Amino acid sequence: MHELAIAQNLIELVEREARLRKALAVTRVKISVGALIGVAPEALAFSFDVIKRETIAASAELEIEVVKLQGKCRACFMSAEVGPDFRLLCPACQEPLDIVAGRELQLDSIEFEDSAEGALCTGLM
Amino acid sequence: MHRIDVGTRILEANDEQAEENRAAFHNAGVFVVNLMSAPGAGKTSLLEQTIERAGQRCKIGVIEGDLMTTIDADRIRAMGVPAFQITTGSVCHLDAKMVHSALHTFKLDGLDLLFVENVGNLVCPAEFDLGEDLRVMVWSVVEGGEKPKKYPAMFHTSEVVLLNKIDLIPYAGVSLTELTANVLDVHPDARIFPISCRTGERLDRWVTWLLARREESRMGRPTNFSLPRLFSMQCR
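As you go down the protein sequences, you meet chains A and B in turn.
Heads up: the first sequence begins at 1 in my numbering, then just goes up one per residue.
Heads up: the second sequence begins at 1 in my numbering, then just goes up one per residue.
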């Protein structure tokens, strides 16, 4: 299951960002997953919960935004959402669509505490 | 509490290793093909047929990826072609780090064309850039015509779709026209080659195209399919 490999990569990125900012604890991790990416959000969330143990993100909540598949027509430049049938053809002129959104697998943001007082308030210490 | 925007691709570490691999391949003058498919679609048979037709015109090497066994690498070596087997254990795809590790042992010297036969899987390999020049997938006509809609990422990111086992079309319950249309729906730019690795039908066309494509890459001519571009999509 490659969601485990993806969760491992995600935690490593989060740890790197936390180190750079001298964080004590990461409380929230927000990611974007495009509709075309072959990742099941539930499996990724489960993998994250396993991998985050005993890391700086041990208490972090994971927020996953699923990004819809969007295309732009090469001929008439119309933007169109691509439906579940994945037909990359413009609804107006039937020319091919280029994908402009929906292939993302991105760490968007993290929330963290960098002081003992802050960590105490959020129940992390 | 602090919040910071990051905006980094989660597989950035793989992307960076893939770019290192890409540079190493280019420096060695080797054109690299990432070959993917579902299990049993005919990747290794395709390699055997391609080696038979192109092996005299360029020096070929193969890196094989499987969970277990060296069966596929053994088949390639039996043809006198250098092959290296990566056994992943339980990992369902090859990644850039595995290919990089293989290159510590498997030398590129003298090679013109390297095939990396990925683990048989229509989902995970699509997400991992290995540093290749060309992505090819093998789809056999007996897997069901709706496959492109069920596994759009794999079809969408492959420059070439080799439609294998066309000798079985009379028994497959689906026409070549329908199969081709389903691929073009999810990937309008796909180059589709109907072939049969069992009978040898139409393989010359595929090999001629492959060698021309390699020549274009060697001469630095831009193709209209940029692999690194696909992996650089950021949200905002």
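Treat the hints as calculated values from the structure; they're not laboratory data.
Nothing here was measured: the structure is a model prediction, and the numbers come from that model.
Heads up, the beta-carbon is just placed ideally off N, CA and C, and yes, glycines get one too.
Check each hint, because a few of them may be wrong.
To be verified - Here are the simulated DSS-like cross-link-like pairs (lysine-lysine), alpha carbons at most 27 Å apart as the crow flies:
| id | chain 1 | residue 1 | chain 2 | residue 2 |
| --- | --- | --- | --- | --- |
| 1 | B | K149 | B | K107 |
| 2 | A | K72 | B | K149 |
| 3 | A | K72 | B | K147 |
What the hints assert, rightly or not - Part of the chain B face toward chain A, derived, beta carbon under 10 Å:
| id | residue |
| --- | --- |
| 4 | E12 |
| 5 | H93 |
| 6 | A102 |
| 7 | L103 |
| 8 | G173 |
| 9 | D185 |
| 10 | V186 |
Checked hints:
1. Restraint check: the Cα-Cα separation between B/K149 and B/K107 comes to about 39 Å, which exceeds 27 Å; the hinted pair is violated.
2. Annotation: proposed proximity of A/K72 to B/K149 holds, straight-line Cα distance about 19 Å (limit 27 Å).
3. With a CA separation close to 24 Å, the supplied pair A/K72 and B/K147 stays within the 27 Å bound.
4. Here the hint on B/E12 is kept, as its CB sits about 7 Å from the closest CB of chain A, short of 10 Å.
5. Given the 10 Å rule on beta carbons, the hint for B/H93 holds: about 6 Å separates it from the nearest Cβ of chain A.
6. Annotation: B/A102 was flagged as interfacial toward chain A, and the flag is violated, the nearest CB pair being 18 Å apart, outside 10 Å.
7. With a cut of 10 Å, the hint placing B/L103 at the interface with chain A is violated, because the nearest CB-to-CB distance is about 21 Å.
8. Hint status for B/G173 relative to chain A: violated, with the closest Cβ pair at about 21 Å, above 10 Å.
9. Checking B/D185 against chain A by beta carbon gives a least distance of about 5 Å; that is within 10 Å, so the hint holds.
10. Satisfaction of the interface hint for B/V186 is found here, the shortest Cβ-Cβ separation to chain A being roughly 5 Å, below the 10 Å cut-off.
This entry does not satisfy hints 1, 6, 7, 8, going by the numbered hints stated previously.
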